[in-house]
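Place chain B on chain A using the hints.
Protein chains: 2
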Amino acid sequence: MQTDKLLLVEKVLILKSLSIFRETPENILADLAPLMEELECERNTLLFHEGEIGDCMYVIQQGEVRIHKGDITLAVLKDREVFGELSLLDAETRSASATCASDCSLFRIDQEPFYELIDSRPEVARGFIKILCQRLRAQNEKSVKG
Amino acid sequence: MQTDKLLLVEKVLILKSLSIFRETPENILADLAPLMEELECERNTLLFHEGEIGDCMYVIQQGEVRIHKGDITLAVLKDREVFGELSLLDAETRSASATCASDCSLFRIDQEPFYELIDSRPEVARGFIKILCQRLRAQNEKSVKG
Numbered sequence: 001m002q003t004d005k006l007l008l009v010e011k012v013l014i015l016k017s018l019s020i021f022r023e024t025p026e027n028i029l030a031d032l033a034p035l036m037e038e039l040e041c042e043r044n045t046l047l048f049h050e051g052e053i054g055d056c057m058y059v060i061q062q063g064e065v066r067i068h069k070g071d072i073t074l075a076v077l078k079d080r081e082v083f084g085e086l087s088l089l090d091a092e093t094r095s096a097s098a099t100c101a102s103d104c105s106l107f108r109i110d111q112e113p114f115y116e117l118i119d120s121r122p123e124v125a126r127g128f129i130k131i132l133c134q135r136l137r138a139q140n141e142k143s144v145k146g
Numbered sequence: 001m002q003t004d005k006l007l008l009v010e011k012v013l014i015l016k017s018l019s020i021f022r023e024t025p026e027n028i029l030a031d032l033a034p035l036m037e038e039l040e041c042e043r044n045t046l047l048f049h050e051g052e053i054g055d056c057m058y059v060i061q062q063g064e065v066r067i068h069k070g071d072i073t074l075a076v077l078k079d080r081e082v083f084g085e086l087s088l089l090d091a092e093t094r095s096a097s098a099t100c101a102s103d104c105s106l107f108r109i110d111q112e113p114f115y116e117l118i119d120s121r122p123e124v125a126r127g128f129i130k131i132l133c134q135r136l137r138a139q140n141e142k143s144v145k146g
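Line order of the protein sequences matches chains A and B. Using this note's numbering, the first residue of the first sequence is number 1, and each one after it goes up by one. Using this note's numbering, the first residue of the second sequence is number 1, and each one after it goes up by one.
Hint data in this document are derived by calculation from the structure and do not stem from the laboratory.
Identical copies go unnamed one by one, so any copy, or any two together, can satisfy a pair.
Quick list of in silico lysine-lysine cross-link-like pairs, DSSO-like style, CA-CA up to 27 Å:
1. K142 x K16
2. K78 x K16
3. K142 x K78
4. K142 x K130
5. K130 x K16
6. K69 x K142
Only a predicted model underlies this, so the values are computations on that prediction, with no experimental measurement involved.
Next up, chain A with everything else stripped away, as it sits in the complex (with noise of 0.2 Å):
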């Protein structure tokens, strides 16, 4: 059975408890959420493979999404966590694979779609840099006091 739509103002308030966009702005996350496709997913489906192109990222409405290489789990991922975001971005091949770990509602955010956006609302694209600038910055942190 399928679940009912999700209204676009559902959609901006669950990118706004991702953490990654916390910070970001509901304008940007408006022009986000429509190109968020919505996916149901039966457990032990493989989502993604190590190595292979990225060109989308994931967020998990429900469920739990294993990351692994091979049979090394490196996470297990849960509601409101996003996962294969930098593919989104940069299109670089996945560091890791990703299967579900229990049947999962996911939505999928592609890349194409999210770059014609981002060539059409330079905001969007400040918004996007602002957050990476910003995970960098905690990372530098970490590694200093690490």
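Just chain B now, kept in the frame of chain A:
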């Protein structure tokens, strides 16, 4: 005595020689090069102070710049090194101070013309998003290995 003004192509070559722009296409660097303002600074010039809001990045053409928190030196940067680049992109506060440790020839790129460029040339925004992703991937690799 002022040095002669550099040609655009020389500025592009300088940008290309920087590790952060090594993979950046020349057409993007050619858009960025006219924003490089040449500066001659004497030894002991304070370029910026920890905690200030940053709005520009610097490239060292010749000389040495000390990055420090008060009296504690974090790094001494030399020819063809870059500093302050995160503040160019996100206008957050400077995490440390920068002082010329010798007479220096520098380039400064200011945020306002940089963001005007990003707004009019989405491929420049894409290029910077890619650069930031590469740096995050490199940082992630380092913290996994570290």
